Structures are given as C-alpha cells and as structure tokens.
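Colleague: Here is what each chain is made of, one letter per residue.
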Amino acid sequence: MVVQKSVSQTMMALNGDEAVAWAVKQSNVDVVAAYPITPQTIIVERISEFVHNGEVDMEFIRVESEHSALSASWGAALAGARAFTATAANGLALMWEILYITASTRTPVVMAVVNRALSAPINIHNDHSDSMGARDSGWIQIYSEDAQEAYDNTIMAFRIAEEAMLPVMITLDGFTISHTLQNVSVLPDEVVSNFVGIRKIPRIKLPHIYGEKEIPLMLNPKYPISFGPLDLFDYYFEHKVQQNEAMKASVPIIEKVHREFAEISGRSYEPVHMIPYKTEDADVVLLGLSSTMSVVRKVVDELRSEGKRVGAIRLRVFRPFPADMIRKELSKISTVGILDRSLSFGAEGGPVFMEVRSALYSSSSKPTVYDYVYGLGGRDLPPKLIKKAFNELLEAREEPEKPVIKYLGVRE
Amino acid sequence: MVAKAVWRPDIKELARIEGQKRPVESGHRLCAGCGAGIIIRQIAMAARKPLVWINATGCVEVATTIFPYTSWNIPWAHNAFENAAAVGSGVEAARKKLARVNRFDVDPDVELDYDVIVLGGDGGTYDIGLQAISGAFERRHKIMYVLYDNEAYMNTGIQRSGGTPFGARTTTTPVGKVIKGKPLFKKPIMDIMVAHGIPYAATVSPAYWNDALVKFRKGFEAEGPAFIHAFSTCPLGWGSAPEDTVKIMKLAVETCVFPLYEVVDGEYRLTGPSVSIAKNPDRKKPVEEYLKLQGRFRHMFKPENKWMIEKFQEWVDRQWETLLKRAGY
Ligand SMILES: Cc1ncc(C[n+]2csc(CCOP(=O)(O)OP(=O)(O)O)c2C)c(N)n1
Ligand code: SF4
Ligand SMILES: [Mg+2]
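Protein chains in written order, with this note's numbering: chain U, 2 to 413; chain B, 11 to 339.
Because the hints were derived from the structure by calculation, they are not lab data. One or more of the hints may lead you astray.
[Claimed, not checked] Pair ranges (Cβ atoms, derived):
(1) U/404 <-> B/205: 24 to 34 Å
(2) B/148 <-> U/249: 19 to 29 Å
(3) U/121 <-> B/83: 45 to 55 Å
(4) B/109 <-> U/246: 33 to 43 Å
(5) B/115 <-> U/14: 34 to 44 Å
[Said to hold, decoys possible] Dumping the calculated EDC-like pairs for lysine to aspartate or glutamate here, alpha-carbon to alpha-carbon at most 20 Å:
(6) U/223 <-> B/28
(7) U/206 <-> B/117
(8) U/388 <-> U/399
Being a predicted model, the structure only gives us computed values, none of them experimental. Glycine included, C-beta positions come from ideal geometry on N, C-alpha and C.
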C-alpha cells in the first residue's frame, strides 16, 4: 500500500471485523441480513449495536441461517436496496446455492467473508478453504491483508458491485485480522457517504414491452420485470458467456474505483490486482494472499540483507483472475513459489497454484512453479518456514526438484 | 389485528378487476385443470395494493416463465426452492427502508407502496422451505405466504412431500406389493404456522371463490405475516379429470378432508361450507366420495385395501373433531 497524501482521518483502534462493520455503517447500506459465525461474529454484533443505538438507518434482518442471509440480501437488492451480508466457513458453504444465483442474476450484494477453515473436522481458525471453494461462483473476490484494507475494501466493494452489476466478496483472515486490534484510519462519514453515494438503480430497455423507455432494473410495480425465469438450452449458454464477460468487464471498474478511493483516502493499492514487492531483480518469488504476505515481505527484507534476491507478490483480486498481469510480472522470474492456504482435493496443488501455473503456460518464459500448501486450520506459518521455502526455491533454481507440491509446517 | 370491515366480493366487480390487472397472461404452461392458476388469479383479485410476487421453485415458476418469455404482468422474482420466504423478507425490509427515507419520491418511475406475496408449493413449504418461513414469521415481516398444496413434488414428477396424504400413490411412494402408497399422514402445516403467533392464517379452497378472496384480502391487510393454505387440485399428479378440478376442491371441503377456517390472532373460526357441516354433521360426506375421483387413491378401493379408506376416514374425523373444539363447537 502506498500512502499518497494525508486527508483528515481518525485513527481508531479496531480489529478487522470492527473495521468492516465501521465501513458498512458509513456506506449508506439499506439492508443487512446476516447470521453469526466465528470469526465473523463481531461484524454482526457491531452492526446490531449501531442499529440499536440509532447510529444508522438500516434494516437489519437477523435471519435464521446463512442460506436465508444471502437470500434476503438478494431480495433486498432486487427491491432497490444496498445490501450487505457477512459470513465464514460453514456459513459460506451453506450459502453455496445462492452464491451462484446472486452472481448469475447480476445482483450487487456485498459480502465480507472472514476466512475460516471448512469442516470437518470443525475448526474456527483461518485458512482459505471457504472462499476458495466459492471461487467459481461468479463473485468478484478481493483479499485483504490487514484491518485497514478490510475497511477500505468494504467501502470500495459497494461501488464495484453496483457498477459491475456483480456481487463482491471481500475477505479477511479469521482471527489474524478479524480479532487483532490495529490502528485503522477511518474516513469522515460524509467522505465515505459521498464516495459510495446512495444506491443507484441501473436502467435498462425492454423494447418489446416498454419501447424506448429506460426502466429501473428492480422489483417495481410501475415497470414489472420477471427475475429468475426458467432458462433452458436455448439461452442458458449465452447467459453464462455474458456473465463471464461481465467478470472481465469488471476489471477496469475495479481499477477505477481503487484510483478514486486513493484520491479520498490517500491509500492506493496499486497496481490493484496484485502488489509486487522487490520483484524487479528477483531470482525467486513467493506469491500468496492476505495477511501472510506481510510476514513474507519481512522475510524478503531479511534475506535481501543476506544478499539473496528474493521477492514477493500479494494477490489481492483473485476473481477476476489477473492472468495477464501475472504473466507479465513473472516473465523474468525463473522460479516461483505459491502459498496456498487451501487444498483442492485430488488436484495437482491448491487453487492459487493451479491458476498461476495455468496462466504461465501461455507465457513464452515458463517459470518453474512450486506449491507450498500452508496454514490449514489456522496452523502458524513462522518466518523460519518462509525462509526455508525461499531457500528451497533458490536451490531449485539451480537444480529443479520434485515434488512440485509441498506442505509447509505440517508434521511428517 | 385484521381489518374489521368484511369485504364482500362482487362477481361483476371481480370480472372488471380481472380484466384490468390479470397477474398472469394466457400462454403459460400449467396443465389444463391446474388449481394453481386459479389461486394466482384469486390472490391478485383480492389485492388492493400493487404486488411484488416472490415464487419458490416448482410448477408455477416453471410453467409461467421460460426465457425470453414470462406470463407475469406484475413484478415477479424466483430465486430458489427453499428460500422464497427469506427472499420475501429481504424485499419487505428493503421496501420499508426505502419508503421510510422517501428514496424514490422524486422518481415517477418507481412505486414503493406494494404488498409482498410469497407463493410456494407443498414441497417448498412443508419440507425444504419450512425453516425460512419459520424465520420470516418469527421476525414478523409483513408478507403474505401462500402455500398452493397439490400434495406432492409435481414439477419433478410427482414425488411425495410432507403434504402428501395417507395412501396416495406417488413415484416415491408407489403402490408396491408390500407397501401401498404413502404410509404416513400429512404434516399439520396450519398448526405449525399458527404456532408462530402470526396475526392471520387461513385455509382456502379456490372452488369457494368468495371465501378465498375474502381470506386473501384479510391476509394482505394483516398487520404482520399471514399464511394461507390453499388447496390445489393437480390433475396430472392426482390422476383426476381436468374437468373435475373444482368438484374435487368442493368435495375436499364437504368431506372435511380440507376444512375451511381462519385463525385470527389465535382465534379459530370455521368459514364457508365447513360452518354448515359443523352445525349439521349429517352434511359431512364420506371420504370415498373425494378419494374415488383420483387415480392416486385407486388401489385403496380394492377389497384387500379397504382398511386404508377406513384409516383415512379416521384421520379425517379426528382432525375435524380437533378443529371443531378449537372453533368452539
Ligand atoms: C435445493 C433443491 N432441491 C431440489 C430441487 C428440485 N425440485 C424442483 S421443484 C421440486 C418440487 C416442487 O414441489 P412443490 O414445492 O410441491 O411444487 P410443485 O412443483 O408441486 O408445484 C423439486 C424437488 C430444487 N430445485 N432445489
Ligand atoms: S403438474 Fe399439477 S400442479 Fe403442475 S401444472 Fe400440472 S396440474 Fe398444475
Ligand atoms: Mg407440490
């Protein structure tokens, strides 16, 4: 993150969950529907306090399940509201059906996923199996590194979702971010309010019914529309291709919103989709997501002081996947290690590994890519293991080694 | 609390309204004689405000839409099978918030003064959607939930549901050599809904259109969630003649298989023909009259299966007695 300039902001001691709740409070959200689950619970609790203290004017639906949380958010968004929900792990898994429906109906719901390991065995700590499991559901996914970014990403998510007409999932690591107090620069209410505005309803034309009139795309008795019709082999395929196009079309929107956010906050996450660290002259690079990467950067500094040319890349936007950027960024690197905090059972490596290596296959210089699966169920990744990974990568540069998939920090 | 002034629907007036605001256009693919089509029209006729209609997956959803076509003249949304009540909660909450802050007051293209109606089949209500309905009712969303009960999963090819009656043949309760039809009785869905303490719950048989319209109207006017259990003949799934649809709807009431009543703030009140049956028990017809018009019960008429009809009758009698007590008879 580059801090460009300082605007008048309040420094608050917030944990990641509170930072998200704070962003929601400031973002003119009309309806929240959510169900508590560790480590997301604090978000729901803070929002409840805001509502019960009359600090926000929103409808907070304390639904009876996450399935209903997303269903109600969907209904609210279709009825013209700005809708937010939050969950983790099993809650996200319970939403699975509606994740797809929300994205496929192009409904701009924003959701915070506080990353937690999926059951079984039941475990409340951090890994990325939950949101990675949802990677094909059609949601934009932005991974946050710390509480500040969780705050910033939440605010930006509303703009991105509504302009791209796609749901946005912002994530923060359970406990590591969600429950860790951090100094967070909180923007003034009116600055956030102006930035996100009030939800604007897109207008569409349905010429065969309403002629040239541009009608609001919402549930509205003035201009009735049917949402969610049966759609079989004669159109479904086209709709899926269009949905994929919408994902691609969200790339410049995501960039624009980040630029505009940098103007009000001074916080720029350039170049948005991923953030390289000391990669220009690097021999090897570790690429990963979220809070782990702040430790990785520390290790990069240490190893650099020992004269080792190592670098790091933090992927922020996992969907849409920035394949072109990755190809470009890694074109000069011979050996790349991926930090995967989830598994794709039976596949050759974790989800990040598969995506990155697949992107690199069409690149003229094909770096060797190793996968380091780490941190499942909240297992710590101490700097010494990161160092070990870097050193292995440096050795592998001389002499490529097998296997390609390794576990960091697991008992043999 | 439900509005006191009772509406007396006038058939001419209804014909006029129907011409103006038909919710579903002709051209839909509901089977001939499908009860659901009648229910939809009655709901719309009873409405005073414009409607936003949320539909669970099932026959109605499938038969009234297929991209790029829709039969709906009113705002309509379908999300999934089990969550229609949750979607309705979201719509209602959004409407409330947006109206409170006058969000669209300056936009002549948007109307926020509407009622939210949620329509689900027996599968979407007794079974997979029960939790979402319970949640929505507990939270007191002002929605009217209408269950069109055709007593099986018809859309997927006549599989049993918690609403399938005893003895009925479905594709998952076939008439086998050992087990003949469904060995279990209907789940007491009205009791479950009434137990939520909602201000208005009622049963409706569309054949008694007057009774049905008044109840739908009351449901819309309830100050909180309303639940309407609507009897919905399904010729395809029941093996009945399409022209018998209304006859079966009447017989269900006349045999007390499906009594007509309403529960206003917890007070039970019989309505329509169920009142006269309560007063003159002789008018209660035997269940055979209802069962014999439907292929799904045909096996029960074989001499060796007569006990099934008796068991069905016993169940009906017991349910009816309980209801009579609750309604003060
Ligand atoms: C989660 C889920 N499970 C199963 C189905 C398959 N399915 C679609 S409609 C339906 C039955 C609907 O039955 P009911 O609610 O009684 O409505 P009907 O078709 O009888 O009108 C089923 C099982 C589904 N769409 N979604
Ligand atoms: S199968 Fe039954 S419920 Fe479905 S459309 Fe046909 S008659 Fe109606
Ligand atoms: Mg059914």
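Colleague: Confirm or reject each hint.
Modeller: Each hint, compared with the structure:
1. U/404 <-> B/205: 24 to 34 Å: violated, 59 Å
2. B/148 <-> U/249: 19 to 29 Å: violated, 42 Å
3. U/121 <-> B/83: 45 to 55 Å: Because 49 Å falls inside the window, the suggested range holds.
4. B/109 <-> U/246: 33 to 43 Å: Given about 35 Å between the Cβ atoms, the range holds.
5. B/115 <-> U/14: 34 to 44 Å: holds, 40 Å
6. U/223 <-> B/28: holds, 18 Å
7. U/206 <-> B/117: Judged against 20 Å, a Cα distance of about 17 Å means the pair holds.
8. U/388 <-> U/399: holds, 17 Å
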